[in-house]
Structure formats: structure tokens, C-alpha cells
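Sequences are here, hints too, so could you generate the full structure?
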Amino acid sequence: MPHLVILYTPNLEAETDMTALCRALADTMLVQRDAAGKAVFPPGGTRVLAYPAAHAAISDGGVAGRAAGGNGDYAFVYLNLRMGAGRTPEVVVQCGDALLATAKAHFAALHEQRHLGLTLQVDEGAPSYDGKFSNLHPLFNPGKA
Amino acid sequence: MPHLVILYTPNLEAETDMTALCRALADTMLVQRDAAGKAVFPPGGTRVLAYPAAHAAISDGGVAGRAAGGNGDYAFVYLNLRMGAGRTPEVVVQCGDALLATAKAHFAALHEQRHLGLTLQVDEGAPSYDGKFSNLHPLFNPGKA
Amino acid sequence: MPHLVILYTPNLEAETDMTALCRALADTMLVQRDAAGKAVFPPGGTRVLAYPAAHAAISDGGVAGRAAGGNGDYAFVYLNLRMGAGRTPEVVVQCGDALLATAKAHFAALHEQRHLGLTLQVDEGAPSYDGKFSNLHPLFNPGKA
Numbered sequence: 138m139p140h141l142v143i144l145y146t147p148n149l150e151a152e153t154d155m156t157a158l159c160r161a162l163a164d165t166m167l168v169q170r171d172a173a174g175k176a177v178f179p180p181g182g183t184r185v186l187a188y189p190a191a192h193a194a195i196s197d198g199g200v201a202g203r204a205a206g207g208n209g210d211y212a213f214v215y216l217n218l219r220m221g222a223g224r225t226p227e228v229v230v231q232c233g234d235a236l237l238a239t240a241k242a243h244f245a246a247l248h249e250q251r252h253l254g255l256t257l258q259v260d261e262g263a264p265s266y267d268g269k270f271s272n273l274h275p276l277f278n279p280g281k282a
Numbered sequence: 138m139p140h141l142v143i144l145y146t147p148n149l150e151a152e153t154d155m156t157a158l159c160r161a162l163a164d165t166m167l168v169q170r171d172a173a174g175k176a177v178f179p180p181g182g183t184r185v186l187a188y189p190a191a192h193a194a195i196s197d198g199g200v201a202g203r204a205a206g207g208n209g210d211y212a213f214v215y216l217n218l219r220m221g222a223g224r225t226p227e228v229v230v231q232c233g234d235a236l237l238a239t240a241k242a243h244f245a246a247l248h249e250q251r252h253l254g255l256t257l258q259v260d261e262g263a264p265s266y267d268g269k270f271s272n273l274h275p276l277f278n279p280g281k282a
Numbered sequence: 138m139p140h141l142v143i144l145y146t147p148n149l150e151a152e153t154d155m156t157a158l159c160r161a162l163a164d165t166m167l168v169q170r171d172a173a174g175k176a177v178f179p180p181g182g183t184r185v186l187a188y189p190a191a192h193a194a195i196s197d198g199g200v201a202g203r204a205a206g207g208n209g210d211y212a213f214v215y216l217n218l219r220m221g222a223g224r225t226p227e228v229v230v231q232c233g234d235a236l237l238a239t240a241k242a243h244f245a246a247l248h249e250q251r252h253l254g255l256t257l258q259v260d261e262g263a264p265s266y267d268g269k270f271s272n273l274h275p276l277f278n279p280g281k282a
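Residue numbers (the working numbering), protein chains in the order written: chain A, 138 to 282; chain B, 138 to 282; chain C, 138 to 282.
Among the hints, erroneous ones may be present.
All copies of an identical chain are treated as equivalent in the list; a pair is satisfied when it fits inside any one copy or across any two copies.
Think about it this way: if two alpha-carbon atoms lie no more than 20 Å apart in a straight line, the pair counts; the simulated EDC-like pairs of lysine to aspartate or glutamate are [to be verified]:
1) Lys-269 x Asp-234
2) Lys-175 x Asp-210
3) Lys-241 x Asp-267
4) Lys-269 x Glu-227
5) Lys-175 x Asp-164
Simulated from the structure, these hints should not be mistaken for lab results.
In C-alpha cells, the structure reads:
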């Protein structure tokens with residue numbers, strides 16, 4: 138944790154730079170601070186992964202989009218951030234708003250040009266088991282390594 | 138929401154039309170009505186995405202399948218519908234049954250010919266943050282756009 | 138259930154045998170026994186699926202890794218086991234520990250050579266709907282088939 142997984146329709150693969158979106162979202166996470174000025178997310182544990190679907194079906198498949206004068210080609214992006222529980226509701230909203238703003242900025246031009254839906258959800262996970270094996274965290278906590 | 142994500146073993150990619158399954162499942166969702174006749178799912182928010190795994194291991198890897206006279210090549214499909222909370226238990230079961238029936242119909246012939254497992258689960262999500270950026274919903278609610 | 142889904146950065150695809158990891162994890166699940174000696178997981182229902190991301194961003198993108206003398210190429214693996222609720226906390230920890238040990242053994246050499254993070258989480262799912270269509274389970278329960 139935290140893991141941000143992005144699932145999207147394959148038609149977006151050629152239309153936008155998803156690697157850049159991943160980087161922008163990770164950077165957004167890294168700068169989040171709580172009311173005490175402490176980093177909300179551990180830098181060594183901030184991960185964003187994006188997956189274009191191999192197959193998809195969205196809404197009515199284009200009927201309403203064509204009736205509205207478009208080409209009926211719908212695109213969709215689902216962003217799901219899973220993080221540990223325990224942060225304040227204010228911090229959760231702040232982080233959700235910040236990530237949504239980053240995603241909106243990334244897709245602003247495309248949103249003007251095509252049928253596009255984007256949903257961002259944050260889940261506070263409570264796994265029954267949570268194990269790690271990492272040499273990333275010590276890069277950011279050299280004293281604890 | 139609602140998002141239906143399909144994860145499956147890569148051996149199925151050449152054996153069945155997953156795009157057709159996505160479309161059939163989305164269509165099944167779009168026709169669901171509650172006891173008052175109201176659509177269960179918003180048409181602009183109905184999304185189905187399918188992902189073949191790059192790597193997989195199923196059960197004992199084929200030992201029991203070969204002992205039973207088959208070729209030991211197991212296939213598996215996991216369908217997970219995540220939707221918002223608040224629908225009645227009756228509606229949840231109705232939707233689950235309808236989606237399972239659609240999936241069974243799609244795989245009926247294959248189920249006769251090969252080792253195949255399919256699981257469909259519905260989760261009622263309660264995200265801590267839920268943000269949207271979409272021009273799909275307004276296609277179906279022109280008065281609200 | 139149980140489903141173990143592995144998400145990972147694409148740089149690992151050429152560096153490790155993910156099919157072998159899937160098999161090792163499935164085998165680890167199949168040998169788990171509870172205090173009464175009963176199999177923890179049904180053999181016909183044990184499924185492991187692995188997905189390399191198409192795009193990813195990890196941590197600071199390599200800054201700290203290069204400052205520490207590495208090449209800044211971070212890799213990451215997220216293993217998520219979702220299983221039904223009802224097992225004892227001791228069994229959950231036992232299974233988590235066993236799977237983490239298998240994953241650590243698989244990545245031990247790579248962990249010495251590169252920046253690598255791995256997280257394993259177990260979730261006890263409580264789906265609102267759970268439907269199946271399978272000829273795999275009967276292979277292991279011929280009397281019930």
C-alpha cells in the first residue's frame with residue numbers, strides 16, 4: 138500500500154500517454170501532506186500500475202453517442218487507489234480531490250474531443266494479512282535500513 | 138460503478154469471443170429493472186472490461202484432469218461486478234443470477250468440451266472517495282446535462 | 138475463491154519466470170492444512186493469475202535509487218489473495234506466511250541484484266453474490282460429481 142491501479146478501454150492506448158499519467162499520479166501522491174505536515178504516503182511504497190483491457194463493452198455500445206452526433210466510440214478509465222486504513226476523512230478527501238484533479242488535467246483535451254468517462258475511487262483496505270519483502274523502503278529511510 | 142471486470146486464463150483467448158461476452162454482460166446489466174420498474178444500473182456507467190492473464194496456474198496443473206481422461210488443460214474465468222451499495226438483496230440476487238445465466242450461455246459449448254471453471258461474484262463497494270469526470274452520463278440524461 | 142492475482146511492473150517480465158511463480162504459489166496453497174489436517178483450499182478452486190502492467194510509476198521514479206548507487210530502475214510485485222471468510226486467524230497467518238515465503242524464495246536472487254518491492258495481502262471476501270459454473274471441482278470430488 139498504497140497501490141493505484143488504472144483499468145481502461147483499449148481505444149485509449151493510442152490516444153493518451155498512460156505512462157505520463159502514472160507518473161503524474163505518483164507525483165501527486167508523493168506531495169500530499171497531512172495537517173501536521175507529514176507525508177501521507179510512504180515514498181518507497183507509492184505504486185501506480187495501468188492496464189488496458191483486451192476486450193470491453195461500455196454502456197449501450199455507442200447508440201446514444203451516435204444519436205448525439207458523435208461516432209459512438211466510448212472510452213472509459215477506472216482509477217482505484219487502495220491504501221491502508223487510519224487516515225482522517227479530511228486527508229482521504231484531500232488525496233482523492235488531488236488525484237482526480239491530476240487525472241482531469243491529463244484528460245482535459247481528450248474529454249473535449251471524444252466520449253469519455255473516468256471514475257476515481259479510494260478504498261481503505263483492511264487485509265487479513267499484509268506481508269512485505271522490499272529494498273525500496275530503505276532507500277527513503279536510510280537510518281532504519 | 139458499476140464495473141464488471143473479467144480475469145481469465147490465456148488459453149481461452151483463442152477459444153471464445155470475449156468481446157461478445159463483454160457486450161452480452163453489459164446488455165444484461167442494462168435491462169435489469171427493480172420491483173418499481175426502474176433501471177438497476179445507470180446506462181452511462183455500465184462498464185465491462187476483460188483481461189487475459191499473461192501467466193496462470195490452476196489447481197493441480199492438470200494431474201486430475203489427465204487421470205479423468207482429459208488433456209489436463211484447465212481454463213478459468215473470474216467475473217467480478219463491483220457496484221455501489223444500497224440495492225435490495227433481491228435485486229442483487231436477480232442481477233447476479235442474470236449475469237451468471239448470460240455467462241453460462243456464452244460458455245455452454247466450451248464447458249462440454251474442456252476443463253473449465255467460472256466464478257461470478259458481486260461486491261457492493263463502499264469507497265471512501267468516489268469522483269467522476271464524464272461526458273457519457275449526460276448522453277442518457279440530456280435534461281440534466 | 139480462492140483467487141490469487143499478481144500485478145507487477147513490466148520490467149520484471151524478462152527477468153523472472155512468472156509462470157513458475159504462479160505454479161509455486163498454487164502448490165503452496167494446495168498443501169496448506171488446518172489444525173484438523175483438512176485442506177485449507179479446495180483443489181479445484183485454486184487459481185493464480187499474473188498480469189504485467191502496460192504502464193507504471195513507482196515511488197520517486199528512480200531518484201533515490203540512483204543516489205544510492207543503483208540504476209534507479211525500480212520493480213514492484215503486488216500479490217493479492219482473495220478467499221472466502223470463515224477460516225481461523227491462525228490459518229490465515231499460516232497461509233500468508235507460506236505464500237510470502239514462496240514469493241521471497243522466488244525473488245531472492247533478484248532482490249540481491251535490483252531495486253525490488255513485493256507486497257502480499259490476503260483479503261477475506263464477503264461477496265453479495267457468489268455463483269459458479271465448473272467442471273473442475275468434480276475432478277476432485279468424484280463421488281459428489
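Hint numbers not upheld by this structure, sorted from lowest to highest
Checked against the structure, the only hint that fails is number 2, while the rest are satisfied.
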